[in-house]
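Participant: Build the full structure now, drawing on both the sequences and the hints.
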Amino acid sequence: MAETNVAQSFTERRLGSAADLKLYQEELLAQKDPQQAEVIVCYGTGCLAAGAEQVEAALKEALDQAGLDTKVRPLIKTTGCRGFCSRGPLVVIQPEGLFYQKVKASDAEEIVQTTLVEGQPVERLLYQDPQSGEPIPREQDIPFYKKQHRLVLGRIGSVDPTDIRESIAAGAYQALAKVLTGMSPEDVVSEVEKSGLRGRGGAGFPTGRKWRGALKAIEKKGRPVYVVCNGDEGDPGAFMDCMIMEGDPHAVLEGMIIAAYALGSEQGYIYVRHEYPVAIKHLDLAMEQARSLGLLGDNILGSDFCFDLRINRGAGAFVCGESTALFTSIEGLAGEPRPKYVRSVEEGLWGRPTVLNNVESWANVPLIINNGADWFAGIGVPHSTGTKVFSLVGKVNNVGLVEVPMGTSLVEIIEEIGGGVPGGEPFKAVQTGGPSGGCIPYSLKDVPVDYDSLSKVGSMMGSGGMIVMDERDCVVDVARYFLRFLEEESCGKCIPCRLGLTRLREMLDDFSKGKGTEKDVEEIESLGEAIKDGSLCALGGSAPNPVLTTLQYFRDEYLAHINERRCPAGICKELISYQIDQEACTGCRTCARLCPQEAISGEKKKPHTIDQDKCIQCGICLESCNFGAVQVISPALVSQKSQEAAS
Amino acid sequence: MIEFKINDQPVEAQAGWTVLDTARQYGIHIPTLCHHEAVEPSGNCRLCVVELRDGDWSKVVISCMYPVQDGLQVYTDSDRVKNVRRWILEMLLSECPASSEIQRLAQEYGVEQTRFAIHDPEEDCILCGLCVRTCKEVVGVSAISMVGRGVHKVIGTPYMMPSDACVACGSCVTVCPTGAMRRRLDLVRGEPKTRMAHSAV
Numbered sequence: 225m226a227e228t229n230v231a232q233s234f235t236e237r238r239l240g241s242a243a244d245l246k247l248y249q250e251e252l253l254a255q256k257d258p259q260q261a262e263v264i265v266c267y268g269t270g271c272l273a274a275g276a277e278q279v280e281a282a283l284k285e286a287l288d289q290a291g292l293d294t295k296v297r298p299l300i301k302t303t304g305c306r307g308f309c310s311r312g313p314l315v316v317i318q319p320e321g322l323f324y325q326k327v328k329a330s331d332a333e334e335i336v337q338t339t340l341v342e343g344q345p346v347e348r349l350l351y352q353d354p355q356s357g358e359p360i361p362r363e364q365d366i367p368f369y370k371k372q373h374r375l376v377l378g379r380i381g382s383v384d385p386t387d388i389r390e391s392i393a394a395g396a397y398q399a400l401a402k403v404l405t406g407m408s409p410e411d412v413v414s415e416v417e418k419s420g421l422r423g424r425g426g427a428g429f430p431t432g433r434k435w436r437g438a439l440k441a442i443e444k445k446g447r448p449v450y451v452v453c454n455g456d457e458g459d460p461g462a463f464m465d466c467m468i469m470e471g472d473p474h475a476v477l478e479g480m481i482i483a484a485y486a487l488g489s490e491q492g493y494i495y496v497r498h499e500y501p502v503a504i505k506h507l508d509l510a511m512e513q514a515r516s517l518g519l520l521g522d523n524i525l526g527s528d529f530c531f532d533l534r535i536n537r538g539a540g541a542f543v544c545g546e547s548t549a550l551f552t553s554i555e556g557l558a559g560e561p562r563p564k565y566v567r568s569v570e571e572g573l574w575g576r577p578t579v580l581n582n583v584e585s586w587a588n589v590p591l592i593i594n595n596g597a598d599w600f601a602g603i604g605v606p607h608s609t610g611t612k613v614f615s616l617v618g619k620v621n622n623v624g625l626v627e628v629p630m631g632t633s634l635v636e637i638i639e640e641i642g643g644g645v646p647g648g649e650p651f652k653a654v655q656t657g658g659p660s661g662g663c664i665p666y667s668l669k670d671v672p673v674d675y676d677s678l679s680k681v682g683s684m685m686g687s688g689g690m691i692v693m694d695e696r697d698c699v700v701d702v703a704r705y706f707l708r709f710l711e712e713e714s715c716g717k718c719i720p721c722r723l724g725l726t727r728l729r730e731m732l733d734d735f736s737k738g739k740g741t742e743k744d745v746e747e748i749e750s751l752g753e754a755i756k757d758g759s760l761c762a763l764g765g766s767a768p769n770p771v772l773t774t775l776q777y778f779r780d781e782y783l784a785h786i787n788e789r790r791c792p793a794g795i796c797k798e799l800i801s802y803q804i805d806q807e808a809c810t811g812c813r814t815c816a817r818l819c820p821q822e823a824i825s826g827e828k829k830k831p832h833t834i835d836q837d838k839c840i841q842c843g844i845c846l847e848s849c850n851f852g853a854v855q856v857i858s859p860a861l862v863s864q865k866s867q868e869a870a871s
Numbered sequence: 065m066i067e068f069k070i071n072d073q074p075v076e077a078q079a080g081w082t083v084l085d086t087a088r089q090y091g092i093h094i095p096t097l098c099h100h101e102a103v104e105p106s107g108n109c110r111l112c113v114v115e116l117r118d119g120d121w122s123k124v125v126i127s128c129m130y131p132v133q134d135g136l137q138v139y140t141d142s143d144r145v146k147n148v149r150r151w152i153l154e155m156l157l158s159e160c161p162a163s164s165e166i167q168r169l170a171q172e173y174g175v176e177q178t179r180f181a182i183h184d185p186e187e188d189c190i191l192c193g194l195c196v197r198t199c200k201e202v203v204g205v206s207a208i209s210m211v212g213r214g215v216h217k218v219i220g221t222p223y224m225m226p227s228d229a230c231v232a233c234g235s236c237v238t239v240c241p242t243g244a245m246r247r248r249l250d251l252v253r254g255e256p257k258t259r260m261a262h263s264a265v
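In order, the protein sequence lines correspond to chains D and V.
Every number in the numbering used here is 224 more than the matching position in the first sequence, counting from 1.
Every number in the numbering used here is 64 more than the matching position in the second sequence, counting from 1.
Simulated from the structure, these hints should not be mistaken for lab results.
Quick caveat, the model's predicted, so the values are computed rather than measured.
Certain hints may be false.
As the list claims (entries may be wrong) - Computed cross-link-like contacts, DSSO-like style, restricted to lysine-lysine with a CA-CA straight-line distance of at most 30 Å:
id, chain 1, residue 1, chain 2, residue 2
1, D, Lys564, V, Lys69
2, V, Lys123, D, Lys743
3, D, Lys739, V, Lys146
4, D, Lys328, V, Lys217
5, D, Lys564, V, Lys200
6, V, Lys123, D, Lys445
7, V, Lys200, D, Lys328
8, D, Lys564, V, Lys146
9, V, Lys200, D, Lys737
10, D, Lys828, V, Lys200
11, V, Lys217, D, Lys445
12, D, Lys444, V, Lys146
13, V, Lys217, D, Lys680
14, V, Lys200, D, Lys743
15, V, Lys69, D, Lys440
Facilitator: What follows is the structure, encoded as structure tokens:
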């Protein structure tokens, strides 16, 4: 991002009042010429991994060479995640809003020449409508974006998160100014209550009620009270909070400052996992810049309200996303949960009243204050208001970050926004809510995605991970995957979670080898219930969900493993064999060359065969075959066929 | 006085009591492993679970930490409760097969044998942490602690070296519900030979 020391240039300016902030925003806006070109390079994780840095460097060089530095403002801008990760690296040219995807460094010169000099789009870099094949030049017309309602992600992708002036120009801290000038703490809490906002971390506890609870606890116990942000996002396949912290850290800060005002808190903490270094860097920079402008720290916006924040880095334990484990971790103890029969709002961090909210919940607060509770409550469905950000991953065409109103149906998200499963088949199941959530089958595709509907079908909202699966995903394998993850992440404090998850996983291991009886299916369910009921915290309390929901919806597939010794998806290694279709094989030798076991033999241009004794079922031949000649079958069929061949 | 019901029997408790305190007052049996009056409860062993019911609503909680409230309806031996205890005991049978306390409790809940693989037939520690809490809260020296995480968790001293902090009071051995600390004393104190050499220095 822009390597200027922004904080330094603020030392002479301190915003002394809400009016001063408004003035500053107007000044910043006046400095911008809306007609001047702007080249935006997405610096989200997906785009960075695909080479956004190289693209940015090449674009810079091409701009220098073309001598366009006065016509383009600023030279290049890098922003947080624009969401369409599978199409990265993304480059957007403003003010036209031209959307270039899968940009390579070698495209830079052409973009500068054709678009910036000649004013024409580079057609081959535009997104093509998958149905008609027509190029779609503008972002807002692309189906992936069209159906979305980007509020929390509103500023992400258009502002440089390392420069507070960009965010202020785009409206950051206006909600804080509104609160400080015209709203009492009571007004703020009732506004959040009225909005119906529920915790975006997964459980969906009403945020306003939580704040109200803290106010009541303060009446009893007095201050200090703490405001804490949970940025320990750890679900496999989920990255919404990371992208919010990286792309719009000021939204999170503003939400927390507003809550601190409402509760009379002087100190807050942001708990971010160590694996998110960019998020930590951007939050840190945002805090530094906000402090120097007088938006954080002592006498915020000239008032007598003082509040400061610090970042606590997690050391990588998934369980520290659980509220009480997060508190013990901040307190400097081993990150283990405590039983919470007394709520965190009464007895949280250091035994004091504490309000802990998730990153996305905090980012929603300024929106509610700015636009009003009624506006917010009008989005989504009753009891699940507002929007929700999902990370849409797995077997889906448009992998990325999407934000939709609550109550949007699963099928709309996966097929209309996500573009469906590659190959056009319907999806098999969707895992929502990460390792604590459940698998929802295609037959329930019309279920509206809101807190209550998801729990009704046995899953949960979770923090917003959405993993799409197709017919090549085995539910036993998926359940084992999540259990292995949680088994490693269990803190080991209570017995049901520490021992139960390993034992449950071992029982599923047997299934994947074709061992087990129908009685074992019932035993798995019984152990799953015992772990849910008996565990100390939500990690163990929800760990059996992937197993229990797949058993509920895909029992036949489990039974096929043990009764027929067959894995219908063709995944469980002990239950499958690879075989080459003698008709379809062209003898190209690709699979034979790649096979690590040298199990494939055959002359060039003649059909090949696989030596079953050497084969380790790695599947490389299946992936590498260009003619669809490699087939997955169960071992029983192989021996049957070889017998037939022998006779 | 707080009034509620345990197994449909009306009981009275004082504010600040837990469900377990009340049950013991009335002689209602709830099994525990990691509970001891001398230290703060921590909710590790989960054997003391009970079921709370209110109409159709029901929830399983641990009685050793659940604060009493007026109108609670507590069930100490419901099917859900028994299911949790049965599985815990079956898993403990394979984890610490040498503990006679576990064998006795397992029998009480009809768990005759375990289907799970036994890694160490000599093992008897259930990692309830009672020794660690006693060492910290009662003795005040914290010579031992929980080391590691998840399935790798063990009781140990810093860096697994014999600890000077240990005052040889034997409290950890006394509170241990399974007798596992007896086997571990040398780990904490060092072998007798090295211990003498150590004190000579």
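Participant: So, for every hint listed, does it hold in this structure?
Facilitator: Structure-based check of each hint:
Distance restraint check for Lys564 of chain D and Lys69 of chain V: the Cα-Cα separation of roughly 22 Å lies within the 30 Å cut-off, and the hinted pair is therefore satisfied. Distance check on the hinted pair: Lys123 of chain V and Lys743 of chain D sit about 26 Å apart at the alpha-carbon level, within 30 Å; holds. With a C-alpha separation of about 28 Å, the suggested pair Lys739 of chain D and Lys146 of chain V falls inside the 30 Å cut-off, and the hint holds. The hinted pair formed by Lys328 of chain D and Lys217 of chain V fails the criterion: a straight-line CA distance of about 49 Å is larger than 30 Å.
Straight-line distance between C-alpha atoms of Lys564 of chain D and Lys200 of chain V comes to about 22 Å, which keeps the hinted pair within the 30 Å bound. With a C-alpha separation of about 29 Å, the suggested pair Lys123 of chain V and Lys445 of chain D falls inside the 30 Å cut-off, and the hint holds. At roughly 60 Å between alpha-carbon atoms, Lys200 of chain V and Lys328 of chain D are farther apart than 30 Å, so this suggested pair is violated. Only pairs whose Cα atoms come within 30 Å are accepted, and Lys564 of chain D paired with Lys146 of chain V is accepted, the gap being roughly 23 Å.
Of the pairs offered as hints, the one joining Lys200 of chain V and Lys737 of chain D is violated, with about 46 Å between alpha carbons and a cut-off of 30 Å exceeded. Taken as a hint, the Lys828 of chain D and Lys200 of chain V pair is broken in the structure, with Cα atoms around 73 Å apart against an allowance of 30 Å. Of the supplied pair hints, the one linking Lys217 of chain V and Lys445 of chain D is violated, its CA atoms being roughly 37 Å apart against a limit of 30 Å. The straight-line distance between the Cα atoms of Lys444 of chain D and Lys146 of chain V is roughly 39 Å, outside the 30 Å bound, and the hint therefore fails.
A C-alpha spacing of about 36 Å is found between Lys217 of chain V and Lys680 of chain D, which places the hinted pair above 30 Å, so the restraint is violated. Taking the CA atoms of Lys200 of chain V and Lys743 of chain D, the gap is near 45 Å; set against the 30 Å cutoff, the hint is violated. Restraint check: the Cα-Cα separation between Lys69 of chain V and Lys440 of chain D comes to about 29 Å, which is no more than 30 Å; the hinted pair holds.
Hints 4, 7, 9, 10, 11, 12, 13 and 14 from the earlier list are contradicted by this structure; the remaining hints agree with it.
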